[in-house]
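**Student:** Line by line, the protein sequences give chains A and B. Under the working numbering, the first residue of the first sequence carries the number 1, and numbering increases by one thereafter. Under the working numbering, the first residue of the second sequence carries the number 1, and numbering increases by one thereafter.
It should be emphasised that the hints constitute simulated quantities derived from the structure, not laboratory data. Certain hints may be false.
Said to hold, decoys possible - Output of the computed footprint for chain B on chain A, the stretches with three or more beta carbons under 8 Å from beta carbons of chain B:
#	region
1	11 to 22
2	105 to 111
Said to hold, decoys possible - Part of the chain B face toward chain A, derived, beta carbon under 8 Å:
#	residue
3	Met-1
4	Leu-8
5	Leu-40
6	Leu-57
7	Leu-72
8	Gly-132
9	Gly-133
10	Asp-165
11	His-243
12	Leu-245
13	Gly-248
Beta carbons: idealized from backbone N, C-alpha and C, even for Gly.
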Amino acid sequence: MARLEDLPEWEREHLLQLRDEAPRFDTTPWKDGPPLRQRRVALISTAGLHRRGDRPFTGGAGATEYRVIPADATGADLVMSHVSVNFDRSGFRQDLNVVLPLDRLRELAAERAIGSVADFHYSFMGAPWPSTRFEPKARELASLLARDRVDAAVLIPV
Amino acid sequence: MGAVGHYLEQEGIPTTQISLVREHTEVIRPPRALWVPFMLGRPLGVPNDPPFQRRVLLAALHLLEEPSGPILRDFPDDAPNGARDEEEGAACPVNFSRPQPTGDGPHALAHALAQEIAQLQPWHDLALRRRGGGTSGLSGLTPEAAGVFIVAFLSTREPQNYRPDQALGLSLKHACDDLRAFYEEAATAQPGSLSAAELESWYYFGTVAGEVLRELRRVSLNSEDKSIRLFAELTLLPRSVVHQLRAGRA
């Protein structure tokens, strides 16, 4: 987003407080893979996206759940039930790809810049804090991605 | 996002990610991250610009070919028109003819809101045709019904929950989200390109809907229903709007 020094003071202080409270990990895990043109890619959003008939995101115990987005989903199929109103949604209103670039991913696969598009993509709602609360669902999601033979996950916040 | 990447990578899934707040990514240190200078809500930069979105996505994907990490790289370019969007106070009035409530109280507001929704309906129809569908649908209510439901909270007696299986505050949140989706979709179908700041200013300070929401916050902060109180306090209005209200903007 904008550089912190360019933001109003109240916004800057809020983001710096979140930084101070953010989790720290002792190590950074690292998994190698094949060249990009051979990778099978999945998108993972935290925009609180889901199919229109799916369960909206809520606070409480279910706040760290994820929703499944089939690879053939379009902008007309998906809604956003993120609890926060502190980010722009007008871009998403016009074009799903500004938050979940499924069309761009399909184009890269057609051009053979990547190997293939995963059958399923996923969305969390990035509101729960601290973000270590996502650990059980993230580890669960990893097994689903492995079964879909995904070897590149692109994580996209809002 | 950084923590999710950490756990996925630990489980053997290679990850790359977009970072919107560099300072957060610096401390979480995920394996691969591309910091982008775009506003919150637009991680690919700009809607309806496939070449720009492609550059951002490819820049994130190419981090997967780096030999070691953690990597935190900066995307070199601002989003087209991004500087205009990020300027505080850049909002300009939008030339809608706003219906004026004829009198005081919830009934007058409800009538003006219904008029405003009817005025916007043709633009919303156009937006749906362009996009192939809309982004509302959380409540299952039409914009008119969502408006009626929301305005009812301004009366002394709270309305019946259209979804009795969920908290009244969540039903109110979904109705508010759907109403905002209707307005934003209608406005972005109009000629000219409105910035996100212009849209936000128009919606919350230039429309009857915005007046309803500001009044709803004032009333709901004292609600006996905890779910309504929490909604009003935390997620009814953006922080930027609350700050403007505290600074005296009406």
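**Student:** All the hints need checking, so say for each whether the structure fits it.
**Tutor:** Outcome of the hint check:
1. Figure legend: the region 11 to 22 of chain A, annotated as covered by chain B; annotation consistent (7 residues with Cβ-Cβ distances under 8 Å, at least 3 required).
2. Counting residues of the region 105 to 111 of chain A whose beta-carbon sits less than 8 Å from any beta-carbon of chain B gives 3, enough to reach three: the coverage restraint holds.
3. Interface hint at Met-1 (chain B): satisfied, since its Cβ lies 4 Å from the closest Cβ of chain A, which is below the 8 Å cut-off.
4. Taking 8 Å as the C-beta contact cut-off toward chain A, the hint placing Leu-8 (chain B) at the interface holds, the least distance being around 5 Å.
5. Because the smallest distance between the Cβ of Leu-40 (chain B) and any Cβ of chain A comes to about 4 Å, under 8 Å, the interface hint for this residue holds.
6. The beta carbon of Leu-57 (chain B) comes within 5 Å of a beta carbon in chain A, closer than 8 Å, and the hint placing it at the interface holds.
7. The closest approach between the C-beta of Leu-72 (chain B) and any C-beta of chain A is roughly 11 Å, which is over the 8 Å cut-off, so the hint fails.
8. Given hint, Gly-132 (chain B) at the interface with chain A, holds; its Cβ is 4 Å from that chain's nearest Cβ, closer than 8 Å.
9. Nearest Cβ of chain A to the Cβ of Gly-133 (chain B): about 2 Å, under the 8 Å cut. The hint holds.
10. Below 8 Å, beta-carbon pairs count as interface contacts, and Asp-165 (chain B) has none with chain A, the closest being about 11 Å; its hint is therefore violated.
11. This hint holds: His-243 (chain B) has a C-beta 6 Å from the nearest C-beta of chain A, less than the 8 Å allowed.
12. Interface restraint check: Leu-245 (chain B) against chain A, minimum CB-CB distance 13 Å, threshold 8 Å, status violated.
13. A distance limit of 8 Å between C-beta atoms decides the matter here; for Gly-248 (chain B) the minimum to chain A is near 15 Å, and the interface restraint is violated.
Consistency note: the structure conflicts with the earlier hints numbered 7, 10, 12 and 13.
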